[in-house]
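Position in the sequence shown (first residue = 1) + 1100 = our numbering.
FYI, nobody ran anything at the bench for these hints, they're computed from the structure.
Be a bit skeptical, because a hint or two may be false.
Across the chosen pairs, the derived CB separations fall in these ranges [what the hints assert, rightly or not]:
1) Gly1244 / Asn1216: 34 to 40 Å
2) Glu1577 / Lys1666: 29 to 35 Å
3) Leu1730 / Ala1134: 25 to 31 Å
4) Tyr1500 / Ser1582: 39 to 45 Å
5) Arg1232 / Val1263: 34 to 40 Å
6) Arg1232 / Leu1730: 39 to 45 Å
7) Gly1471 / Tyr1500: 16 to 22 Å
8) Arg1297 / Leu1597: 31 to 37 Å
Quantities reported herein were computed from a predicted structural model and do not represent experimental measurements.
Cβ atoms here follow ideal geometry from the backbone N, Cα and C, with glycine treated the same way.
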Amino acid sequence: VYRGSVKDFPGFDANQDAEALYNAMKGFGSDKEAILDLITSRSNKQRVEICQAYKSLYGKDLIADLKYELTGKFERLIVSLMRPPAYGDAKEIKDAISGIGTDEKCLIEILASRTNQEIHDLVAAYKDAYGRDLEADIVGDTSGHFKKMLVVLLQGAREEDDVVSEDLVEQDAKDLLEAGELKWGTDEAQFIYILGRRSRQHLRLVFDEYLKIAGKPIERSIRGELSGDFEKLMLAVVKCIRSKAEYFAERLYKAMKGLGTRDNTLIRIMVSRSEIDMLDIREVFRTKYEKSLYNMIKEDTSGEYKKALLKLCGGDDDAAGEFFPEAAQVAYRMWELSAVKVELRGTVQPAGDFNDDGDAQVLRKAMKGLGTDEGAIIEVVTKRSNAQRQQILKAYKAHYGRDLMADLKSELSGSLAKLILGLMLTPAQYDAKQLRKAVEGAGTDESVLIEIMATRNNQEIRAINEAYQEAYHKSLEDDLSSDTSGHFKRILVSLALGNRDEGPENLTQAHEDAKKLADVSSNDSSDSLETRFLSILCTRSYPHLRRVFQEFIKMTNHDVEHAIKKRMSGDVRDAFVAIVRSVKNKPAFFADKLYKSMKGAGTDERTLTRIMISRSEIDLFNIRGEFIDLFDKSLHHMIEKDTSGDYRKALLALCGGED
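Please work from the sequences and hints to get the whole structure.
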């Protein structure tokens, strides 16, 4: 099935189009609208014929005339469309290695994503256009393992056999593990050989096998074992093996997000993928970034340049509101990855040679007399497990007849005080306190209720109920019921029971559950959409729900999260989405929450503090891994950039390291 956004123009006449372009450029000024309408609605093959017809009719070079008549980004885009794909790639690479410095990102994008045939055509086009050997030019402009991998990719010799040997898959996964994680130093040659030569189908299975035996995705190992441009190149290869559409969607998003636009990247991708997989890229973009590529281009560009890009994009998926096969495949792969058992690790471990009396003395000394030694307090509190902190509380009381919590409250202030005092509570006490704050006073903080209730397991929920009753002399369920309403109240009350199934998946039941979630035709008010989702999402075990979500994708070609967003609204939608994301990948859910708490102007310190405290002994190490995978920057780096003083020092201690 053709997945490009630009197709052959029906009733095409090269001479007629050449004449139209000539007239659009003749005289004073030029008709840019006519030029962009014509060129963006013709396929590349047809544009090449127009160039030939233009030369035959007028004895002039069309590309030269377009360059003369047009300016800026619009000119670059239109001229790029006129070149055959291989010559377009050749020009991009020539520009990337000419002059001072090298545009490594351009080299990586092109060489990591092209097929064998496209590579062969590129090498020939480069020779024809510039009379030079592409490999020799790249070797002269790059170095080290980065250069070696580029040379391997330039051969266009990736295996293309769809028949996969299970034994070889297992062996390659084992070899990659032994070349990186299990080796002192890294055997880069093994990474180059396997990732540079094996077929795409084979490598997809190798990546799945690697996740099983290493307990982490291959991307995370590459980040840990390799560095610099070589690391970026290998990550791009892996992403393109998994899904080229997802790789290009990410590249386009990064080209437009934040201040400024990387127009060279935007033009290159929109031109090069317009007749290959632009529809797939659009679909993945919409699913991954919750807005359409069309709308992001519309917001980020202007003038004729914008109009031409939107024509190449070919449509607005926000308006269509649909979900398509490529996006479903990406979602399905994410569910499969989430089902693999990965060891959860906190960043705070019990201190060796722990001495509760000694720690109590250090804390007393830090708060005694004039001034407070915040550094000493941070060092003790952040480097002890919660169980050890509870012992310190008792030792402090026994030794000094004083309440350590009261003394800390008196000596510390602001964000640091909230963080340190939160760490001194038990996890259940801390969650109970956060829930109480969310429901007391004017207004309700629904986001806190959702975050805690949607992510805690049965044992944690029961402990929270006990702590809440003990601290506030009323039941959590009563407070949730009186402070919320409708389906949202029913969701929270159901979760507050702590009665979620804990068994394995049941395939037959999962199929029935998926069918129930997919049914939009029921008119029975007692069996509303929200009631059906509640009865499944709030009660079934996590392993079972993962299977339900996979069955849902198979059945509807939709991701369940997309279906929730399309069919529900408000707090009910947010609660169900949080449950789905927690089931799918809880560390990724918290990584996203942490990122949003720090991105943009200002910092949501309440969310940042709450998550760093509550996950520090459970899965903060995993959250760090997901954070860098999702946002290409470390949690440590973002905390360091976004916070300050002793609060930052304490957060970084909890974070536990730079990735």
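Note to self: Tell me if the beta carbons of Gly1244 and Asn1216 are separated by a distance inside 34 to 40 Å.
What the structure shows: The hint (34 to 40 Å, Cβ to Cβ) is violated, given that Gly1244 and Asn1216 are roughly 25 Å apart.
Check: For the pair Leu1730 and Ala1134, does the Cβ-Cβ distance stay inside 25 to 31 Å?
Finding: With a Cβ separation near 43 Å, Leu1730 and Ala1134 fall outside 25 to 31 Å, so the hint is violated.
Checklist line | Outcome of range test on Cβ distance (Tyr1500, Ser1582; 39 to 45 Å) | finding: 41 Å, holds
Next item on the list: Just tell me: holds or violated, for the beta carbon distance of Glu1577 and Lys1666 against 29 to 35 Å?
Entry: 31 Å, holds
Next item on the list: Evaluate the given range 34 to 40 Å for the C-beta pair formed by Arg1232 and Val1263.
Entry: Given a distance of about 38 Å, which is inside 34 to 40 Å, the answer is holds.
Margin query: Assuming the hint says 16 to 22 Å, is it satisfied by the Cβ distance from Gly1471 to Tyr1500 or not?
Written below: 19 Å, holds
Next item on the list: Given the hint of 31 to 37 Å, check if Arg1297 and Leu1597 actually sit that far apart at their C-beta atoms.
Entry: 54 Å Cβ-Cβ, so the 31 to 37 Å window is violated.
Check: Per the hint of 39 to 45 Å, is the separation of the Cβ atoms of Arg1232 and Leu1730 within bounds?
Finding: 40 Å, holds
The structure fails hints 1, 3, 8 (numbered hints given earlier, in ascending order).
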